[in-house]
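Enquirer: The numbering used here puts the first residue of the sequence shown at 1, with every later residue one more than the last.
The hints are simulated quantities; they were obtained by calculation from the structure and are not laboratory data. Check each hint, because a few of them may be wrong.
Claimed, not checked - Restricting the straight-line Cα-Cα distance to at most 27 Å, the calculated cross-link-like pairs of lysine-lysine (BS3-like) are:
hint, residue 1, residue 2
1, Lys-131, Lys-199
2, Lys-414, Lys-305
3, Lys-375, Lys-199
4, Lys-208, Lys-131
5, Lys-209, Lys-199
6, Lys-340, Lys-375
7, Lys-131, Lys-246
8, Lys-209, Lys-174
9, Lys-199, Lys-174
10, Lys-131, Lys-209
11, Lys-131, Lys-174
12, Lys-340, Lys-414
13, Lys-246, Lys-305
14, Lys-375, Lys-131
15, Lys-340, Lys-174
16, Lys-174, Lys-206
17, Lys-246, Lys-206
18, Lys-340, Lys-417
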Amino acid sequence: MQPSPLANVCDRVKSVKQNPLDDSFSVHRYDSRSKELKDFMDFTYLDNNATTQPAPEVVDAINDALTQNWANPNSVHRFGQMARRLVDESRASVARLIGCQDAELFFTGCGTESVNTAIRGLLLGRTPRRKIITSSVEHSATREFVASLGRDGFEIVSIDVDQSGHLDLDSFTKHLNDDVALVSLMWANNETGVLFPIKQLAALCKEKKIPIHTDMTQCVGKISVDVVDLGVDCASFAAHKFHGPKGVGALYTRRGVRLRPYIIGGPQERGRRGGTENVPGIVGMGVSARLAREHLGEMDLVREKRDRLESNILERIPDSRVNGDRINRVPNTTNIGFAKLQAEAILLLLSEQGICASAGAACSSGSLEPSHVLKAMNIDPVYAFGAIRFSLSRFTTDAEIDRCLNVLPTVIEKLRKVMPMGV
Numbered sequence: 001m002q003p004s005p006l007a008n009v010c011d012r013v014k015s016v017k018q019n020p021l022d023d024s025f026s027v028h029r030y031d032s033r034s035k036e037l038k039d040f041m042d043f044t045y046l047d048n049n050a051t052t053q054p055a056p057e058v059v060d061a062i063n064d065a066l067t068q069n070w071a072n073p074n075s076v077h078r079f080g081q082m083a084r085r086l087v088d089e090s091r092a093s094v095a096r097l098i099g100c101q102d103a104e105l106f107f108t109g110c111g112t113e114s115v116n117t118a119i120r121g122l123l124l125g126r127t128p129r130r131k132i133i134t135s136s137v138e139h140s141a142t143r144e145f146v147a148s149l150g151r152d153g154f155e156i157v158s159i160d161v162d163q164s165g166h167l168d169l170d171s172f173t174k175h176l177n178d179d180v181a182l183v184s185l186m187w188a189n190n191e192t193g194v195l196f197p198i199k200q201l202a203a204l205c206k207e208k209k210i211p212i213h214t215d216m217t218q219c220v221g222k223i224s225v226d227v228v229d230l231g232v233d234c235a236s237f238a239a240h241k242f243h244g245p246k247g248v249g250a251l252y253t254r255r256g257v258r259l260r261p262y263i264i265g266g267p268q269e270r271g272r273r274g275g276t277e278n279v280p281g282i283v284g285m286g287v288s289a290r291l292a293r294e295h296l297g298e299m300d301l302v303r304e305k306r307d308r309l310e311s312n313i314l315e316r317i318p319d320s321r322v323n324g325d326r327i328n329r330v331p332n333t334t335n336i337g338f339a340k341l342q343a344e345a346i347l348l349l350l351s352e353q354g355i356c357a358s359a360g361a362a363c364s365s366g367s368l369e370p371s372h373v374l375k376a377m378n379i380d381p382v383y384a385f386g387a388i389r390f391s392l393s394r395f396t397t398d399a400e401i402d403r404c405l406n407v408l409p410t411v412i413e414k415l416r417k418v419m420p421m422g423v
């Protein structure tokens with residue numbers, strides 16, 4: 001029996017994931033050879049919820065930190081204190097971006113570490129309570145971590161969402177009681193961009209004296225953030241989502257909140273996170289935070305480009321639809337389902353045309369499944385299997401939007417002719 005064309009596509013995608021330098025296919029591939037590097041750099045990048053281009057100012061600052069200020073910031077000599085000053089200045093810059101005091105913020109190795117630290121740190125201060133409230137559409141940093149806690153005997157309550165991605169507020173309120181150790185909810189969904197009413201949820205938690213952590217990774221740099229006004233106890237985020245470097249994140253902890261450290265070793269970060277600080281990364285985060293404040297007004301232009309991309313796709317491509325609330329979301333994100341197609345096949349052909357996007361679907365064991373987010377939203381499988389996320393940044397140009405609009409309809413038309421999915 002001959003394998004289906006779609007099965008071949010899945011096999012090719014799996015091969016690339018296992019061997020990203022395979023010459024037979026190139027998805028987001030970096031190669032040192034000059035011609036391939038040139039080809040790679042000629043792309044349209046619409047995958048900014050995965051990561052963003054480091055701003056040139058950030059790259060320069062990191063290079064200076066690596067070459068000029070490479071001392072250990074915990075050393076007492078003058079060279080070390082120069083590095084310490086850079087860390088402190090960067091902390092102040094990031095704190096201003098999210099509206100907190102410098103002392104309420106400490107640096108971590110990534111957004112996932114920040115999420116894990118917040119959940120575990122709050123949980124240890126709430127014994128003997130063993131109930132954790134989260135949602136059905138969380139990022140894996142939360143979802144997988146609370147699942148591991150569930151296997152250790154904690155009670156995990158996952159609040160459902162509707163087809164627009166809105167949290168079931170009645171269910172959330174009903175589950176708030178004295179047994180709850182903590183609440184951990186994302187602010188903006190990484191796949192759909194839909195925003196939860198975190199300020200309202202935090203107020204409900206405060207009434208019950210329950211600590212709440214929010215993963216605001218997809219919000220920082222895209223919308224105005226004031227964690228004090230938000231009313232949360234902890235908030236996690238990462239630099240590489242707002243044109244900073246990978247390998248550095250941060251965690252806001254409201255003054256007075258008891259938080260046990262997750263990484264234990266030295267006295268760094270005022271005893272809240274052991275290990276020598278990643279000075280270049282922290283410096284890069286500080287610069288990207290300053291730039292995010294300066295350019296926040298440009299997100300209105302990003303929204304206009306997103307809306308133009310979205311509306312034109314819906315007009316030009318039959319049987320396409322937006323997944324999630326089109327109003328209450330971050331300004332850079334759209335998730336569009338294309339009926340009776342597989343997301344991985346769409347991405348493969350887009351990538352061959354130099355267009356980078358992403359999907360919630362994962363190709364594993366020869367099968368394709370919609371993401372847990374779209375499943376939780378009860379999106380019709382006809383559209384869920386073919387859902388593509390396009391996410392923009394302030395570096396996204398009108399020409400890139402035009403290029404995507406020129407390429408995408410042809411890709412969809414071609415796939416519907418050769419490999420329709422029977423749903």
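Enquirer: Does each hint hold? Answer for all of them.
Expert: Evaluated hints:
1. For the hint pairing Lys-131 with Lys-199, the CA-to-CA distance comes to about 21 Å; that is within 27 Å, so the pair holds.
2. The straight-line distance between the Cα atoms of Lys-414 and Lys-305 is roughly 26 Å, inside the 27 Å bound, and the hint therefore holds.
3. With a CA separation close to 26 Å, the supplied pair Lys-375 and Lys-199 stays within the 27 Å bound.
4. Simply put, Lys-208 and Lys-131 have alpha-carbon atoms about 14 Å apart, close enough for the 27 Å limit, and the pair holds.
5. Annotation: proposed proximity of Lys-209 to Lys-199 holds, straight-line Cα distance about 15 Å (limit 27 Å).
6. The hinted pair formed by Lys-340 and Lys-375 meets the criterion: a straight-line CA distance of about 16 Å does not exceed 27 Å.
7. For the hint linking Lys-131 to Lys-246, the alpha-carbon distance of about 33 Å lies beyond 27 Å, and the restraint is violated.
8. For the given pair, Lys-209 sits about 15 Å from Lys-174 by alpha-carbon distance, which is consistent with the 27 Å threshold.
9. With a CA separation close to 18 Å, the supplied pair Lys-199 and Lys-174 stays within the 27 Å bound.
10. Proximity of Lys-131 to Lys-209 is assessed by CA-CA distance (about 14 Å); at most 27 Å being required, the pair is judged to hold.
11. With a C-alpha separation of about 13 Å, the suggested pairing of Lys-131 with Lys-174 holds against the 27 Å cut-off.
12. The suggested pairing of Lys-340 with Lys-414 holds, with an alpha-carbon distance near 13 Å, which does not exceed 27 Å.
13. Between the alpha carbons of Lys-246 and Lys-305 the distance comes to roughly 26 Å, so the proposed pair stays at or under 27 Å and holds.
14. Proposed proximity of Lys-375 and Lys-131 is supported: the alpha carbons are some 24 Å apart, at most 27 Å.
15. Only pairs whose Cα atoms come within 27 Å are accepted, and Lys-340 paired with Lys-174 is rejected, the gap being roughly 38 Å.
16. Between Lys-174 and Lys-206 the alpha-carbon distance is near 15 Å, which keeps this suggested pair within the 27 Å criterion.
17. Taking the CA atoms of Lys-246 and Lys-206, the gap is near 33 Å; set against the 27 Å cutoff, the hint is violated.
18. Taken as a hint, the Lys-340 and Lys-417 pair is honoured in the structure, with Cα atoms around 11 Å apart against an allowance of 27 Å.
Comparing the model with each earlier hint shows violations of hints 7, 15, 17; every other hint is respected.
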